[in-house]
Structure formats: structure tokens, C-alpha cells
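Novice: So you can see what is in the structure, the chains are spelled out below.
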Amino acid sequence: MTDATTTTTGTDAAKLLRRHETMAVIRRTEKAAHDLFMSGLVKGTTHLAAGQEAVAVGARGALRDGDYAFATYRGHHHAIAWGATAEECLAELMSKATGSCKGKGGSMHLTKAASGMLGSYAIVGAHLPMAVGAAWSARLRATDQVAVAFFGDGATNIGAFHESLNLAAVWKLPVLFVCENNLYMEYTPIGTVTAAANPAADRAPSYGIPAELVDGNDVVAVEDAVARAAERARAGDGPTVLEARTYRHYGHSRTDPASYRPEGELERWLERDPLTVSANQLRALGTSDDDIRAAEESAAATVEAAVDAAKAAPGADLAEAFTDVWADGGAEWRT
Amino acid sequence: MTTYRESVAEGIAREMRRDDTVVCLGEDIGAAGGVFKTTVGLFDEFGPERVWDTPISEQAIVGAAMGAAMTGMRPVAEIMFSDFLACCWDYLANEIPKVRYMTGGQVTVPLVVRTANGGGLGFGAQHSQSVENWALTVPGLKIAAPSTPADVVGLMATAIRSDDPVVFFEHKGLFASKGAPAPDGHVVPFGQAALLREGTDVTIVGLASTVPLALTAADRLAEQGVQADVVDLRTLLPLDVSSVLRSVERTSRLVVVEENPYQGGWGATVVSVVAEEGFALLDAPMRRVAGANVPLPFADALEDQVIPTVDKVVDTVKALVDY
Ligand SMILES: Cc1ncc(C[n+]2csc(CCOP(=O)(O)OP(=O)(O)O)c2C)c(N)n1
Ligand SMILES: [Mg+2]
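Residue numbers (my numbering), protein chains in the order written: chain A, 1 to 335; chain B, 1 to 323.
Read the hints as simulated data drawn from the structure, not as lab findings.
The C-beta atom is built at its ideal place from N, Cα and C for all residues, glycine as well.
A hint or two may mislead.
No farther apart than 25 Å at their CA atoms in a straight line, the calculated lysine to any residue pairs in the SDA-like style are these [to be verified]:
{"#": "1", "chain 1": "A", "residue 1": "172", "chain 2": "B", "residue 2": "49"}
{"#": "2", "chain 1": "A", "residue 1": "172", "chain 2": "B", "residue 2": "56"}
{"#": "3", "chain 1": "A", "residue 1": "172", "chain 2": "B", "residue 2": "105"}
{"#": "4", "chain 1": "A", "residue 1": "15", "chain 2": "B", "residue 2": "105"}
{"#": "5", "chain 1": "B", "residue 1": "178", "chain 2": "B", "residue 2": "72"}
{"#": "6", "chain 1": "A", "residue 1": "311", "chain 2": "B", "residue 2": "2"}
{"#": "7", "chain 1": "A", "residue 1": "172", "chain 2": "B", "residue 2": "72"}
{"#": "8", "chain 1": "A", "residue 1": "43", "chain 2": "A", "residue 2": "302"}
{"#": "9", "chain 1": "A", "residue 1": "172", "chain 2": "B", "residue 2": "178"}
Simulated restraints on C-beta separations [what the hints assert, rightly or not]:
{"#": "10", "chain 1": "B", "residue 1": "216", "chain 2": "A", "residue 2": "335", "range": "26 to 34 Å"}
{"#": "11", "chain 1": "B", "residue 1": "304", "chain 2": "A", "residue 2": "258", "range": "55 to 63 Å"}
{"#": "12", "chain 1": "A", "residue 1": "231", "chain 2": "B", "residue 2": "161", "range": "32 to 40 Å"}
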């Protein structure tokens, strides 16, 4: 296991400013989702990723068009990083016809298959084998695509995690396992239920998989680490485990006030807010405060327009309840 | 003549020859040819890039098949014994059948999960259950369960070419059975039951192992002057209820023979449709000859107590005809 060192090599300011703006779009979308929930326009539940934006945006930045991503119920940031618009995401949360899944997915299942983001899955760990399969498929079709699975610290204790690491290692598949270690599985500190200090990275060596710990609030560090892992994968050297330390700003889900957090913990992490980190990196690269502010304002305007459009959109088409079970579009079960 | 067992490999091989995206994975399916020898010859013909031995990782087998299916392949995954579907049930219950729907049609999952199902070989409680009813509880899965060698090939062709996920139940008790080989290009569409014998007194509906059982029972009944229609459903989903209703229209009596347990068995779905839509056609109550609501015992004599037998079918039909 190697400790990643943050390097801005190869990251020019313009590129980083784009990452910063995407992270700002995600942050604003999460805030909008929260507010819309409070005003009764979003039902069910949401698992917001505010605070974890850098993992999704850094990873996407390091990958190519056509690479595959599989996410969890906490997946708004991955969907947006893979090109879903704030509007189609918020419309989906608001049960609108214009939602990315036509109202049949909701917050936990945002998907942007057209750009390789093949779903958000709400059974913990279930999508890791799928990412392994997508990587296997890339190899069988002789493309140089890679697949990445994003998952939480809690997912490292489910069998599918271990089955996936083993299979990916023995078949030497081009897959990246990216753990977003946000310190909690639901309401329980991960350390109290896990026999490894670094739940993903410490397990990887037993499967012969290289692992890296990375600062999950530093988009540049994530991008560099994912780029290294993707290069190994494309070269035929097999999977990598990345464990990104990060923190969610909201509670686990909509109903969780997160009162189990020790005093001062949130505040300490807010000082290392991924948007603050990237703004500082931009300044160090010579980007002006005006340019940074302009990017953030552009993000805010995008999400404001998205909220308005989603609110104005028609509700889910009732006929959609009976479509998309089968590939022919229908739901017939008898002849 | 060929065997049901050889027809499994034959059916897969025919599809692998016509479509490079068809790949197989499972435990011991490669050079070893599978524990039931149902994949013999595939590794030799297609090699290790098409036929993959896996670790004992049922979730990874089916989950990886799903990921590959979503990205341009047509995987055929083997789960050695159908009882082991429980180890990867999340994929059959929550992932594979739901992903197309919950993404609003953004993805398709053209895969086949093949598995050796059912009793009759004395493998005991954890290797003998008929679990086709498990799959029937899940909207979003297609289900095939052939009863003859030719149907194995013909339904396998449809299963592998299907853009929808298919659970393909191969019955352990039928592997050694023989029948006419499938002609070239043989394809059996899903949702088309086969009327295997015509009679006027009773309709007997079977699936997989209970089809030969129903045919034997029909022979015995004929000697006693009772003429039975025997319908092989071939697939549980789509479910060919039209063929069942058409037959009951002529016979006015229905007996369903199913190896899965009575509790939650597929026969309940068949009789409920007939009750709702064909009640006026009936001259007697419908009957289900099903597995008993107990785990499968080991000893042959005990196993016979709890799964359908020819005697049970004959007795049930006779009681019904006298009704
Ligand atoms: C198999 C399964 N068990 C339990 C749950 C309920 N559950 C949802 S999220 C969660 C915590 C997951 O924690 P982690 O993997 O760290 O991800 P995070 O929510 O922190 O992003 C649990 C227990 C579930 N969805 N699936
Ligand atoms: Mg967590």
C-alpha cells in the first residue's frame, strides 16, 4: 500500500476550474434536494453526498468517455459527474415525467447509461460484482474500457465485496474499487464494526490487489490516484482498491439528524470542504477569486434553473407504471 | 436418440457458434464439463475466453454476468444446484429483474442463469428442492423448464437470444432421459405450451419432470378408460394460460402436477387464473398434486412420500373423474 501524495502535475488551472464548477453543481443540487424535501416536493428518502463531491468528480476526470461507473443509493454525485443534468436528477426526485428514470427510479437509483453510468444500487455491495462483470466484458470485447465501483466503508463487510475482489484479481480485470470512507455505516462508526483500520485498503493485499489511501476531499489527489489505477487496469495489470477518506455533511438519510457525531467533528471536516480545498488549489495555480466566484455562480444558476424546470415539468406519465419490465418495452407475463 | 444432459451442451454450443458474445461461466464448467456433465465439449470447442471456471462465489458469478450483460455480452451463468440460488438471491430478486424498470429502460440484461433443479436423485434436503416457484415470485424474470432433449435445445436458443433475463431450470431427474434430437435451427418460443396427448376427460398440466410423470399416468388412466389431455407448460413466464383454458374447455377438469412445494407453488397461479377466467368451464374442483410442505428427505422411500408420483396423479385424477 502506498500513500498518495497530492500533486498538481498535469492539472492545469482551467481543468481544475471545471472540476470545481461540477462539484459546485453537485453541492447546489444536494442543497436543492434537501430544501425540496423539506417543502414536501421530494418524497421517500434521499442520501445526500454533499461533502463527498471530490471522489466522483476526481474519478470521472481521470477516466475516459465510455468507461463504466456503478454507484450506490448515495449516488447523486456520480450521476452528475457522469453527465446527468441537475434538472433530470431533481425531476426524478420530484417524481416528474422528465426525471432520468421517468419516475421509476428515484433518488436511490439515478442512472445515466448513455454515458456509462450504469446505475445506483440500494442493496449494499450488490453492484461490485456488476462492475467486475463490466470489466470482464470490456476484456472479452477487447476494448480498453475500465469499470469503477463506488461504495461506502460499510459495504466492505458484505460478501459481495470479497467475492468481487477475489474474482477481479484472479481474472486480472480492469476494474477500480473506490471506497468512499465517510467514517459511518448508517449511524454506526465504521471502526466499531470492522476488524480493519482501513476497511477497504487493508483487505486488498490479501487478494493480491494494490491499494492506495487517498484524501477524498482533494479532487486533484483523487484524480491522480484514479489515473494511476486506470493506467494499470488498461495495461492489463488488473484491479486496484482506492480508499478515499471523506465525510458527508448531512446525516445518513433524510430522517437522520446525525446526533451521534462527536462534537466538533463536522466543523473540522467543513474546514476541509472539498470546494474549499479546490478553491485554494486554484488560487495557488494563479486563478483569480473572480474566476472562482464566476464558476460558482454559474453552478448556482444552473441548479436554480434546474429546480424551476423540474417544478414546472409534468408528473410521471401513469402509463409508465407498465413499461420497461421487458426489453420490448412492455410488462406482459402471460400468453 | 440423445439425452437431456447432452442437449444442454448442444443447445449452448449452437448459440455460441452463431454469436460471439455468448460466454459461459460457472464452477467446474470448463475442462471438467460441469458436475452434471452438462457443459462437456464447450471448453474444447470454444476455449478459455468463452468458457470460464469461477471460484465458489455465487454472487460474483451472477453479478458479473449481469454487469457483462449490461455491456454487450450474452452470458450464460451456471449455478450448480438450484438450491444455491439462495446464495445469490439478491441478484435474482432485486438486481437483474429490477434494473431495467428502475432505470426507466436505460439498460437491458440479456443473460441466462442455468441451474440443476429438483429431486429424484437422493441428494437430500439442500441439493434436491424444486425451486422454480422462487423465480415465479419475482416480476422481471423469464422462466424456462424443459421436459425433453429437443425442448432443452429449442428453449435454450430462445433463452440465450432473449434480451430479457431468463432462469433456465434443468431437471436433475431428467438428465439421463432420452428423446429425439433437436433438428437444426430448432427454436422453441417462450409462452407456448405443448399439448402432448389429447383426451376428453381431464387436463393434466405439468412442467419439466412432472411431464413424463403425467404422460405415464395418462397411459395408466387410458387403460382404465379415462382419457387425459397432457399439457407441458415449458415456460412459467410467460405463462401460457390460454392453452390451459382451451384444454379445460374440452375436458372440464384440471389437475396440475408440480414438484415445487404446495405452499407457494406455481400450480396455485395456474389454478387461480382458471378460477378467475374459466370457472364456468369446470365440472369438478381443480386439484394440485404438488411437493409436500416439508424439506426434501434423503431416503428414496421418504422422498417418494413428498414429491409427485404416478400413483398420486392417477389417484387424484380418478377421484376427480368420479366427482
Ligand atoms: C444489504 C443491505 N443491508 C442493509 C441496508 C441498509 N443500509 C442502507 S445504507 C447502509 C449503510 C451503508 O454504509 P456505507 O457502505 O458506509 O455507505 P454510506 O451510506 O456511508 O455512503 C445500510 C446499513 C441495505 N440497503 N442493504
Ligand atoms: Mg459510510
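Novice: Decide, hint by hint, whether the structure agrees.
Specialist: To see whether the hints hold, each was checked on the structure:
no. : hint                       : verdict
1   : 172/A to 49/B              : 13 Å, holds
2   : 172/A to 56/B              : 17 Å, holds
3   : 172/A to 105/B             : 31 Å, violated
4   : 15/A to 105/B              : 33 Å, violated
5   : 178/B to 72/B              : 36 Å, violated
6   : 311/A to 2/B               : 64 Å, violated
7   : 172/A to 72/B              : 20 Å, holds
8   : 43/A to 302/A              : 23 Å, holds
9   : 172/A to 178/B             : 42 Å, violated
10  : 216/B to 335/A: 26 to 34 Å : 27 Å, holds
11  : 304/B to 258/A: 55 to 63 Å : 60 Å, holds
12  : 231/A to 161/B: 32 to 40 Å : 38 Å, holds
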